[in-house]
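Start from the sequences, fold in the hints, and give me the full structure.
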Amino acid sequence: MRITLKEIASLVSGELKGQEDYLIEGVAGLESASAKDITYLGHVKYEDLLVSNKAGCVFLPAGFKSDAVRNAIYVSNPQWAFVRILRIFAKERQPKMPWGPHSTAVIHPTAKLGKNVHVGAGCVIDEGAEVGDLTVLYPQCYVGRYAKIGKNCLLYPQVVVREDCEIGEGVIVHSGTVIGSDGYGYVLIEGVHEKIPQIGKVVVEEDVEIGANVTIDRATLGETRIGRGTKIDNLVQIAHNVKIGKHCLIISQVGIAGSSQVGDYATLAGQAGIPDHIKIGNKAIVIAQSGVMADVPDGAVVFGSPARPHREAMKLQALFNKLPEIYETVKKWKNENAKV
Amino acid sequence: MRITLKEIASLVSGELKGQEDYLIEGVAGLESASAKDITYLGHVKYEDLLVSNKAGCVFLPAGFKSDAVRNAIYVSNPQWAFVRILRIFAKERQPKMPWGPHSTAVIHPTAKLGKNVHVGAGCVIDEGAEVGDLTVLYPQCYVGRYAKIGKNCLLYPQVVVREDCEIGEGVIVHSGTVIGSDGYGYVLIEGVHEKIPQIGKVVVEEDVEIGANVTIDRATLGETRIGRGTKIDNLVQIAHNVKIGKHCLIISQVGIAGSSQVGDYATLAGQAGIPDHIKIGNKAIVIAQSGVMADVPDGAVVFGSPARPHREAMKLQALFNKLPEIYETVKKWKNENAKV
Amino acid sequence: MRITLKEIASLVSGELKGQEDYLIEGVAGLESASAKDITYLGHVKYEDLLVSNKAGCVFLPAGFKSDAVRNAIYVSNPQWAFVRILRIFAKERQPKMPWGPHSTAVIHPTAKLGKNVHVGAGCVIDEGAEVGDLTVLYPQCYVGRYAKIGKNCLLYPQVVVREDCEIGEGVIVHSGTVIGSDGYGYVLIEGVHEKIPQIGKVVVEEDVEIGANVTIDRATLGETRIGRGTKIDNLVQIAHNVKIGKHCLIISQVGIAGSSQVGDYATLAGQAGIPDHIKIGNKAIVIAQSGVMADVPDGAVVFGSPARPHREAMKLQALFNKLPEIYETVKKWKNENAKV
Chain H
2 MRITLKEIAS LVSGELKGQE DYLIEGVAGL ESASAKDITY LGHVKYEDLL VSNKAGCVFL
62 PAGFKSDAVR NAIYVSNPQW AFVRILRIFA KERQPKMPWG PHSTAVIHPT AKLGKNVHVG
122 AGCVIDEGAE VGDLTVLYPQ CYVGRYAKIG KNCLLYPQVV VREDCEIGEG VIVHSGTVIG
182 SDGYGYVLIE GVHEKIPQIG KVVVEEDVEI GANVTIDRAT LGETRIGRGT KIDNLVQIAH
242 NVKIGKHCLI ISQVGIAGSS QVGDYATLAG QAGIPDHIKI GNKAIVIAQS GVMADVPDGA
302 VVFGSPARPH REAMKLQALF NKLPEIYETV KKWKNENAKV
Chain Y
2 MRITLKEIAS LVSGELKGQE DYLIEGVAGL ESASAKDITY LGHVKYEDLL VSNKAGCVFL
62 PAGFKSDAVR NAIYVSNPQW AFVRILRIFA KERQPKMPWG PHSTAVIHPT AKLGKNVHVG
122 AGCVIDEGAE VGDLTVLYPQ CYVGRYAKIG KNCLLYPQVV VREDCEIGEG VIVHSGTVIG
182 SDGYGYVLIE GVHEKIPQIG KVVVEEDVEI GANVTIDRAT LGETRIGRGT KIDNLVQIAH
242 NVKIGKHCLI ISQVGIAGSS QVGDYATLAG QAGIPDHIKI GNKAIVIAQS GVMADVPDGA
302 VVFGSPARPH REAMKLQALF NKLPEIYETV KKWKNENAKV
Chain B
2 MRITLKEIAS LVSGELKGQE DYLIEGVAGL ESASAKDITY LGHVKYEDLL VSNKAGCVFL
62 PAGFKSDAVR NAIYVSNPQW AFVRILRIFA KERQPKMPWG PHSTAVIHPT AKLGKNVHVG
122 AGCVIDEGAE VGDLTVLYPQ CYVGRYAKIG KNCLLYPQVV VREDCEIGEG VIVHSGTVIG
182 SDGYGYVLIE GVHEKIPQIG KVVVEEDVEI GANVTIDRAT LGETRIGRGT KIDNLVQIAH
242 NVKIGKHCLI ISQVGIAGSS QVGDYATLAG QAGIPDHIKI GNKAIVIAQS GVMADVPDGA
302 VVFGSPARPH REAMKLQALF NKLPEIYETV KKWKNENAKV
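Residue numbers (this note's numbering), protein chains in the order written: chain H, 2 to 341; chain Y, 2 to 341; chain B, 2 to 341.
Any given hint might turn out to be false.
Just so you know, same-sequence chains aren't split out, so a pair can sit in one copy or run between any two.
[Said to hold, decoys possible] Simulated pairs of lysine-lysine, PhoX-like, Cα-Cα distance not exceeding 25 Å: (1) Lys196 - Lys244; (2) Lys37 - Lys196; (3) Lys92 - Lys196; (4) Lys332 - Lys37; (5) Lys149 - Lys333; (6) Lys116 - Lys340; (7) Lys316 - Lys66; (8) Lys66 - Lys55; (9) Lys284 - Lys92; (10) Lys97 - Lys113.
For the record, the hints were derived by calculation from the structure and aren't laboratory data.
Right, here's the structure in full:
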């Protein structure tokens with residue numbers, strides 16, 4: 002694919018300073034971009050990287066001046082401009098998936114497929130399941146009984162969607178992810194952990210993306226829900242009856258225990274743990290590896306295991322580093338006192 | 002399905018206070034139950050939730066009085082009574098799985114299937130493997146050479162049981178779980194991590210339940226063993242040669258390193274880590290995110306990373322919060338002392 | 002299989018003290034070895050275990066004397082000698098995999114298979130993918146468009162290798178692992194996390210082993226790389242654009258965030274977390290559950306969350322245990338001071 006700088010500038014509503022008919026054939030990072038690539042300056046603080054750049058064109062923040070670039074397109078958000086062009090190149094690379102089920106896919110006669118659905122080799126779509134228009138199921142996926150997958154979804158190879166679960170429009174699910182496994186619920190009766198049947202479901206709202214090898218358990222009764230636009234990284238655990246709000250970021254290896262609630266635009270960073278029946282507020286941030294032990298208010302930032310407000314936690318960490326000095330002083334005082 | 006309160010009371014040996022021929026058509030939580038549902042009061046402390054309840058019937062603890070319920074059935078353990086009725090409704094929802102292998106399943110001629118075994122589409126059962134009576138393999142499972150799956154087991158889609166592993170009766174395994182992957186064992190020889198072959202197996206005793214995307218490694222020699230009735234949550238790692246006792250609870254994202262042993266009725270809470278060659282006693286509790294560094298005695302409760310006895314850990318956390326006061330005082334004393 | 006002690010001694014260049022024609026039929030640990038097994042003394046400190054041993058032969062460190070063994074073979078590294086014999090027994094147990102694709106495998110006409118490739122039942126090999134000579138794909142694996150798998154690789158059931166990814170010679174990948182899932186990259190535009198296409202790839206160099214249910218994300222642009230001889234345990238997360246050096250040990254449940262770099266011969270122990278854009282030096286060790294927050298120099302050992310140099314962290318932990326004493330003293334001083 003080839004595209005002129007004039008076209009690119011027009012696509013991103015940017016101001017081109019350079020050669021209008023210059024041809025761009027690829028996208029790359031600032032340090033590896035060649036004369037055929039377009040790239041971007043992510044932040045003014047990386048300005049030094051421009052000096053040795055060889056890119057065909059660089060997206061620069063409006064008002065920023067540089068003599069080091071071959072061609073520049075000025076935009077308000079260079080990263081976003083770059084992503085929009087990257088999407089064009091990415092789209093071109095995508096395979097043209099043939100519509101209809103592969104001959105080796107096993108589709109129950111009662112299942113309903115929309116228009117232009119791709120069902121890859123070895124997929125299994127069970128009784129009464131529905132798959133919306135233009136959705137792509139890569140090979141070896143499983144869609145359980147009466148599960149509903151919306152339009153324009155993308156399920157990579159070996160995704161499992163168990164019975165009754167609902168996936169909204171435009172959802173992306175990566176390989177190895179399991180949606181709708183049984184919640185972890187038992188009641189101890191005469192020394193035996195008796196299983197509590199898990200007959201609820203999982204509802205994933207539109208525009209959610211779920212990474213690889215994630216587990217999202219179905220509710221005991223009712224539903225586990227992932228809000229619109231939320232993005233879940235790899236190897237995350239979401240237990241039964243959890244409700245996650247809209248546009249959250251749930252980073253890799255986070256675990257959220259049963260019935261907890263996460264507000265909108267919250268961020269749970271890597272390996273953080275949320276116990277059961279906790280509320281995480283809107284726009285709250287739980288820093289990596291933190292172990293939350295109580296509700297986190299809207300907008301709060303918490304850190305540590307147990308988690309404390311971030312500023313307090315950082316102060317305590319600084320004082321923790323002073324324990325040698327503290328102990329030294331305490332010993333001295335004890336000694337002097339003993340002498341007296 | 003419809004069932005009268007009289008029948009329900011009889012099934013759970015409860016005392017009905019209400020209309021004997023009242024029809025129940027479903028199960029629900031206390032807050033969402035409708036007039037057609039039965040529900041339960043989990044604990045007396047939730048009594049306030051009864052006020053606005055609309056349930057057709059509520060299981061109540063014997064001796065508890067309430068005017069807020071339409072009908073009540075008194076039992077010694079309302080949750081357990083509820084679970085027993087929930088099981089009846091859950092069973093009714095289960096699909097009638099056809100016996101015998103699906104036409105797309107690949108079953109080695111030497112494999113032995115018991116009576117009334119369901120083998121879903123795309124399953125692969127390898128040489129010499131055995132599957133017991135009434136066991137259900139959902140689609141796309143893999144059963145390795147000479148592996149043995151007991152009677153009445155339930156393997157959800159895309160479970161892997163590697164060669165030689167043994168699964169006891171009544172075991173449930175959720176999607177994406179791998180039983181019998183190689184243990185992580187190497188010996189460093191001239192700068193290269195030389196692989197130690199892992200030729201042992203995994204033995205899962207009866208009535209174990211294993212969540213989604215769990216990994217249980219085969220032993221180097223001998224066996225990795227999961228004791229009867231133990232329940233393992235999603236994304237748990239169990240390394241080679243680990244022995245887990247009976248009726249344990251191993252919560253999501255726990256990791257147990259090589260050759261460690263866990264007693265009976267132990268609880269390892271979410272994201273806890275157990276290093277290699279450690280013994281966790283019977284009925285011991287390792288609190289979430291703890292990092293155990295030494296054996297944990299029977300009945301002990303430990304917390305923290307490194308883990309300490311729970312009371313001690315809590316006291317230290319409280320004193321940790323006092324570090325600002327401590328440091329303030331220490332500084333003051335140093336200043337005063339300096340003046341002198 | 003039967004092998005004489007004379008043959009074994011010759012294979013490991015050891016010195017036999019015992020019966021040359023004694024027949025060994027198996028391998029076992031020191032405590033469980035029978036008269037037909039060979040075993041080894043891992044370390045002199047386990048000498049006591051020799052007393053009750055019943056093994057047919059024990060590998061002993063050169064110069065070590067024991068009257069408790071039936072037969073002994075003296076070598077410089079008993080574990081390594083044992084592993085070499087173990088490999089012979091392990092090899093004999095391996096199935097003879099038939100060459101060529103199983104009839105149920107789905108192989109795109111443009112895919113290129115080397116000589117003597119085994120493709121198990123239900124595998125899917127997509128457009129333009131390549132698989133090298135003697136590589137074994139167990140059932141139900143997926144190899145994406147233009148992915149390249151080298152010679153002599155071993156992919157256990159249900160491995161996913163996404164498009165364009167490259168796997169070097171002699172690589173072993175365990176079940177449920179996903180190589181090449183999209184990196185977790187978004188840019189927040191008007192309240193929406195807009196996806197950044199991930200069009201890079203993953204390169205796994207030769208002799209790497211990757212455990213079960215691991216996730217390795219493809220780069221946004223360019224590549225995520227795993228260096229030669231590195232061994233990755235189960236449930237590890239490796240984010241986009243990460244570079245891992247040669248011969249590293251990455252233990253179970255470790256998470257490495259985007260663009261971080263790990264040197265050669267580094268060890269990241271269980272559940273450790275590495276944030277984005279961090280450098281871990283050659284031969285550095287990150288102890289279990291640590292949360293790294295800054296670059297780790299070559300050879301450094303760090304511990305804690307946040308991670309500190311190990312000696313410092315251990316000292317601080319020791320002083321942390323003294324907080325009750327410290328606080329007691331501080332209170333006393335405050336009281337006395339108040340009186341004055």
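**Report entry** Intra/inter-copy verdict for Lys196 and Lys244 if alpha-carbon distance must be at most 25 Å
**Finding:** So Lys196 and Lys244 pass the 25 Å test inside a copy (23 Å) and across (23 Å) alike.
Query raised in the report: Given a CA cutoff of 25 Å, do Lys316 and Lys66 count as a within-copy pair, a between-copy pair, both, or neither?
Result: neither (40 Å within a copy, 51 Å between copies)
Report task. At 25 Å max between alpha carbons, let me know whether Lys92 reaches Lys196 within a copy, between copies, both or neither. Result -> Answer is between: at 13 Å across copies they meet the 25 Å cutoff, but 47 Å inside does not.
Report task. Tell me, please, which holds for Lys97 and Lys113 at an alpha-carbon limit of 25 Å: within, between, both or neither? Result -> Classified as both; 22 Å inside a copy, 20 Å across copies.
**Report entry** Identical-chain pair category, Lys284 with Lys92, by Cα at 25 Å
**Finding:** neither (32 Å within a copy, 41 Å between copies)
Query raised in the report: How would you classify Lys66 and Lys55 at a CA-CA limit of 25 Å: within, between, both, or neither?
Result: Within. Shortest intra-copy distance 17 Å satisfies the 25 Å Cα cut-off; inter-copy 68 Å does not.
Requested in this report: At 25 Å max between alpha carbons, let me know whether Lys149 reaches Lys333 within a copy, between copies, both or neither.
Outcome: neither (71 Å within a copy, 67 Å between copies)
Report task. Go through the copies and call it for Lys332 and Lys37: within, between, both or neither, with a Cα cutoff of 25 Å. Result -> Close neither inside one copy (68 Å) nor across copies (62 Å); limit 25 Å.
Query raised in the report: Is it within, between, both or neither when you check Lys116 against Lys340 at 25 Å Cα-Cα?
Result: neither (90 Å within a copy, 85 Å between copies)
Query raised in the report: Given a CA cutoff of 25 Å, do Lys37 and Lys196 count as a within-copy pair, a between-copy pair, both, or neither?
Result: between (61 Å within a copy, 24 Å between copies)
Violated hints, in rising order: 4, 5, 6, 7, 9; the structure is consistent with all others.
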